[in-house]
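*Asks:* Residue numbers (this note's numbering), protein chains in the order written: chain A, 1 to 134; chain B, 1001 to 1078.
The hints are simulated quantities; they were obtained by calculation from the structure and are not laboratory data. All residues carry an ideal CB built from backbone N, CA and C; glycine is no exception. Treat the hints with care, since some could be wrong.
Facing chain A, a subset of chain B residues (Cβ under 10 Å, in silico) [said to hold, decoys possible]:
hint	residue
1	Ala1024
2	Ala1066
3	Trp1072
Listed here are the chains, written in short residue letters.
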Amino acid sequence: MKVVVDTNVVAYHLLGTPRFAAEAAAFMGVAEEILAPALWEAEFANVIRMAVRAGVLASKDAPAKLALAARLGLRSVPVRTLWHGALVRSLQSGVTVYDTLFVELADRERLTLATFDRKLIQAFPALAKRPRDI
Amino acid sequence: MKDTATLTIRNVPMRVVRGLKSLARRRGRSMEQEVRDLLDEHVAERSSVLRQIEASWGQQSRRPSAVEVDSWIAAGRE
């Protein structure tokens, strides 16, 4: 299965978010080829920073989370190749460009976007789905 | 039960085939053996990283809620 994943799927998985981590892990186990806009790397690194600030994670353990995420093998797609379509989609839908970058990539590649974001799933039901529904 | 199977893979790009042949030559193995080993390593790596991710949850003080993680993602977007 080839898919696009949202940052929240990776973050819930890596941080063991209750009620969602098992679903994310099962999904990552069966997805053979995973794509995301390169933005996911900055977003995920920021989530790890915030987890340290919230006392969830010791700062010494933070780099290991990035290393584990890197080993999941996500293919990062340059934002520049997506930003025009993402902007148009954002202006039409009212959804932020941060989100429409993921939708744009899924649409361009004719793939499904795996996300836990209910608003995104509501706005783009043909493209965005919860991991368990893919 | 037989614990091997035969796979037929169609439409493999020629650049990939050339790369596989070159890798196999360098390592003194057949291309078939090279493909078997690469597939085996890939599957083992994915299983290993999934196990390590699950084990890493135990190194945290707690497992953050979805609301918390969502707010951290949103914070990066402000």
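*Asks:* If a hint holds in the structure, say so; if it does not, say that too.
*Replies:* Taking the hints in turn, this is what the structure says about them:
no.	hint	in the structure
1	Ala1024	violated (23 Å)
2	Ala1066	holds (5 Å)
3	Trp1072	holds (4 Å)
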